[in-house]
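Student: If you read the protein sequences in the order shown, they are chains A, B, C and D.
Residues in the first sequence are numbered from 1 upward in steps of one, following the numbering used here.
Residues in the second sequence are numbered from 348 upward in steps of one, following the numbering used here.
Residues in the third sequence are numbered from 695 upward in steps of one, following the numbering used here.
Residues in the fourth sequence are numbered from 1042 upward in steps of one, following the numbering used here.
Check each hint, because a few of them may be wrong.
Here are some chain C residues pointing at chain B (derived, C-beta under 7 Å) [said to hold, decoys possible]: (1) Glu709; (2) Pro769; (3) His826; (4) His917; (5) Leu919; (6) Val921.
It is worth saying that the hints were derived from the structure and are not from the lab.
Heads up, the beta-carbon is just placed ideally off N, CA and C, and yes, glycines get one too.
4 protein chains.
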Amino acid sequence: MLYFENDYSEGAAPEVMGRLLETNPVSQPGYGEDEYTLRAVSLIRKALGAPEADIFFISGGTQTNALAIGGLLRPWEGVVAAGTGHINVHEAGAVEFTGHKVMTIPGVDGKLDPEALRRYLAAFHRDPNREHMVYPGMVYISHPTEYGTLYTSGELRELAEICRLYSIPLYMDGARLAYALGAGPGPGLSEIAELCDVFYIGGTKCGALCGEALVFPKGAPEHFLTVVKQRGALLAKGRLCGAQFEALFEDGLYERLGRRTVELAMRLKDGLLSRGIELFVDSPTNQQFIVADEKLLRALDAAVRYSYWEPVGEGRHAIRLAVSWATPESSLDELFAVIDAALSEKA
Amino acid sequence: MLYFENDYSEGAAPEVMGRLLETNPVSQPGYGEDEYTLRAVSLIRKALGAPEADIFFISGGTQTNALAIGGLLRPWEGVVAAGTGHINVHEAGAVEFTGHKVMTIPGVDGKLDPEALRRYLAAFHRDPNREHMVYPGMVYISHPTEYGTLYTSGELRELAEICRLYSIPLYMDGARLAYALGAGPGPGLSEIAELCDVFYIGGTKCGALCGEALVFPKGAPEHFLTVVKQRGALLAKGRLCGAQFEALFEDGLYERLGRRTVELAMRLKDGLLSRGIELFVDSPTNQQFIVADEKLLRALDAAVRYSYWEPVGEGRHAIRLAVSWATPESSLDELFAVIDAALSEKA
Amino acid sequence: MLYFENDYSEGAAPEVMGRLLETNPVSQPGYGEDEYTLRAVSLIRKALGAPEADIFFISGGTQTNALAIGGLLRPWEGVVAAGTGHINVHEAGAVEFTGHKVMTIPGVDGKLDPEALRRYLAAFHRDPNREHMVYPGMVYISHPTEYGTLYTSGELRELAEICRLYSIPLYMDGARLAYALGAGPGPGLSEIAELCDVFYIGGTKCGALCGEALVFPKGAPEHFLTVVKQRGALLAKGRLCGAQFEALFEDGLYERLGRRTVELAMRLKDGLLSRGIELFVDSPTNQQFIVADEKLLRALDAAVRYSYWEPVGEGRHAIRLAVSWATPESSLDELFAVIDAALSEKA
Amino acid sequence: MLYFENDYSEGAAPEVMGRLLETNPVSQPGYGEDEYTLRAVSLIRKALGAPEADIFFISGGTQTNALAIGGLLRPWEGVVAAGTGHINVHEAGAVEFTGHKVMTIPGVDGKLDPEALRRYLAAFHRDPNREHMVYPGMVYISHPTEYGTLYTSGELRELAEICRLYSIPLYMDGARLAYALGAGPGPGLSEIAELCDVFYIGGTKCGALCGEALVFPKGAPEHFLTVVKQRGALLAKGRLCGAQFEALFEDGLYERLGRRTVELAMRLKDGLLSRGIELFVDSPTNQQFIVADEKLLRALDAAVRYSYWEPVGEGRHAIRLAVSWATPESSLDELFAVIDAALSEKA
């Protein structure tokens, strides 16, 4: 089978795996006080240009989101997100489990529209019944979004300004941040650290075995380590994530993996478009969403692992083809061969 | 420095690390549907003699406890534990965060006394005000306990019988289960699977980089995977734990690591006793608790990482010396040399 | 000022107040074991034709909703509601505070469309990623809705059938149930008890000082009294609600208050329509929603307490005029006089 | 039957009931903006000498405790209480339901010992593992306690000083505060308002039909009304509590009811002691705890409603006899007659 199902089908990038192997026998303190974690923190601070940043390494994305959102919101607050936001759809209610509401605004291709956010917040604060309502206490965005799309620097800045106007934090879910960075001209790490109040740099989907780096650019809230422990997110062997992120942020590996993957994704998109295949969303990153008819679907089913997204009517279906740092170039050619065969059969 | 601080100071046992390395490039489905996880499940079922067991691999112990307890208790129930239980002391309120009370009974050297449990449950169910009280809905034990002590087969069976009498599950926190198994004549894996309704086989402190195997010997509750996801405990790369537990349960590695470690611990205990050092608790497993005076403490501080436990009065202190699968034999001799020097200096 | 702001501006109906006064000195057991509560339960069971019904009297509506929903949902489940549902908008996140998500479907004039519900549930159970999503575990409707509209018997039956197909309970928020019953041909109490798995009969907005009767027509879930206590909803003086509901369900007072109020509301609607005022929603119950221009608004502001709803564009606004069991007939005439003056002024 | 079971067996004191009756028909805004509530707030502020105090009227004690504790604690914090504290025993886990731990210290006759508290807090803040533990974030006391005992002014001041040293609030559960005030020389309302950061003045057990006044002497935390709503504790007809507390705090009714009740309780205690009956706890307030043998118990069972407390060994039992503002003097004489008959029979 060809693997285009997702970006977490393999283990870790060789450099990351190598670092785990080489540090394995060394005795180190637990709970993130090991030297690899300390060095990873220092490398990330440098990459962000944020020497005051506090960074916590968490094993997965849903946990990171629930921790950041549930840990920062005050009791009367909820988080605002696009309806398609991962926290609203595919995290089994992890935010609500912490006692907080996810309030949704319709998004555009996965993105939260600054104007829509502005209107939502203005309407809330004008509402005479707002004391009986959940206060918007944080704004959640994903970058890349669940549809692979990206915020421009201008859009991110606009969102940040709106948040500052209302004194609420802007939170970025960067599960696939490497692919945003690899895609080019959008906001870089230091701009993200400037504009977001809290965000995470995804490892699991970007070359690590596991782990996400939760970043508070201006310092973490009081006693956050205890909150991490309370939510079950504190690893005894903090070195597991620390060593991996040390490798990812040494010599620019993280962005390099992202760049290489996006180049592959663009080759994929070009190949699909040149074969007349319709895009479901036009994504500049490693997830490509296309519309397939039943015949193409059957051909893919036989040879390719992909992700089914949703029916789009008239016997057609949106599907996702994802590439990752681990996808071999040859897989692309094999995929194109499968598609070509299906298309010619159709004729 | 000599490391006797805990049993999670190094990475993974070489066989475990080797398995991660060798499976690293293979493409596999996510969320625990990879072949390593499936095989680990099958090996553990066999080791337990529990072909119906459902097993979930979770990244750490606090998360596993909160998931098992919070996921099984019904809204009006709490969990009964010894006052020294890890969930009551050192998990930052993770159980309470799920909305449930931890009700404590005084323990003996970390163990829950069956008679005390019986009295507690009988008194509760006789109390005319019990409808205004938290119902005991589960019993929590750790094995080995936080003081390294063990339940005998008879004691475990008695606890299980009491639980069955009241139709509430018995849950075992097996963070260090390898060292219980390695210590000898107590309950083996299949007896644990017979007597406990749910338990976990600890990986993090027993040779893995991370991971605990949460076992429901008679099958998991409905939709438990969704609960795992909701609590942030579902790893996208389920293979990370799957491959490790596959290695741990192939050819009896798990018990072998336990046995070797306990042998070392017994050499440690004998060496301490023969030097006239007093035990704080008499532990048959890998954690040894001793009473040290200020002079000994100072000598250790200069050369050894250990865990401070508590003051015991008259300028004396309980401390913990832990060995693990990773402790070299030579460390013991070096430790004894440090102690001998301190003792002779005292004279 | 004329009071058309809401239906909870006065104390209790005279018969209800009388009962409180007359029972005041009698010594009775606490926590709902008093004779008034027992008799209220018996009267309500009879009115419902549900001799097995369990009934709990709760001080207010938000608490009743949070208790019924949070108390019945299992950990992996959420509740489905129309986007305009009270639990989704005006209860400050009380359901989410219990750890559960409110999933919304667009409604029509406050009503949940059976077809939309059917599609939603079918799509969920077909979704290959549903294990990562919140399971729909209950359906919430309000009757009358937040816009005063009502379900027909056929619609209620259809919703109940859909719920039974998926084995999830149908829950009705009857904060203003008296006015639904008073409006005529829709589902009566016994039909509601047949079709809903749980519902509440509102007291606070229907003639009581406080109190809602939460009904489980086929019996309450295990240990529900303890859940009521745990959520802070168990009144020591259960007689406070018991005596009031005893009065409300003796000699048909509850429905009589509803009928008289709806007659008044229909006189109000006719008077508004005959004056050319546009309805925002066509409501058959005690809440009337109209569209007012700025001039009319100003005239009302000077003489009438009403509820502002929302801007509808072009300088026009939706407002609510509510009548209750306590509204004197003369208030209607005075209101019409205010409106007539405003309208003539405009000419 | 004679009623000595508790202090909530009757409705409201006549003055309170009268106020409800007389205000019943007046139209007023909802949610605590009615004139009775505003006046009650003003009267209580005056009685406290705390013109800045914010006051919320809540329907019952468990709800008030859960709201005050869960609403003020930060995520990493728990509340410290005597093991016998109502929140730890008889509130069905309401505090834990809000996600927070109750940490207990052994008390003395229901009271938290300042020295024990001091040691507990000092030990916590010295513990090197405290980041893995629940932070003590509030101290809970009840006054009178669950055993009817009282803190002296000196003890209360000492507790307040300890709390201030650690910058954590001192919270007083005043479910029966009228009886503390009525008992004499201890802390008065203004001293309580000076020393406690938050407390409640109990209505339900002190002459009201329902309702407790939750007081923040220096002002409420931000958006507390929304938290009240979210926890289901905001009454639409806020007037229900407002009018009652207006009556209770007019002309000193609250303290007068307390004084009269305590006088009766002292007559009860003297009568019991003079008959050779042993006290289980020596209580200066309206709850009297005695030790009864089986014969006395049987005699009481036939004629008196009392509260069974606990077996004390050798066939003897602790029971509670409570008087209230509603207990007629004649009940005492009838009770003594029952006891005398039982005692003479024994001879």
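Student: Hints first: check each against the structure and report whether it holds.
Tutor: Hints, verified against the model:
1. Glu709: violated (32 Å)
2. Pro769: holds (5 Å)
3. His826: holds (5 Å)
4. His917: holds (5 Å)
5. Leu919: With Cβ-Cβ at 5 Å, under 7 Å, it holds.
6. Val921: holds (5 Å)
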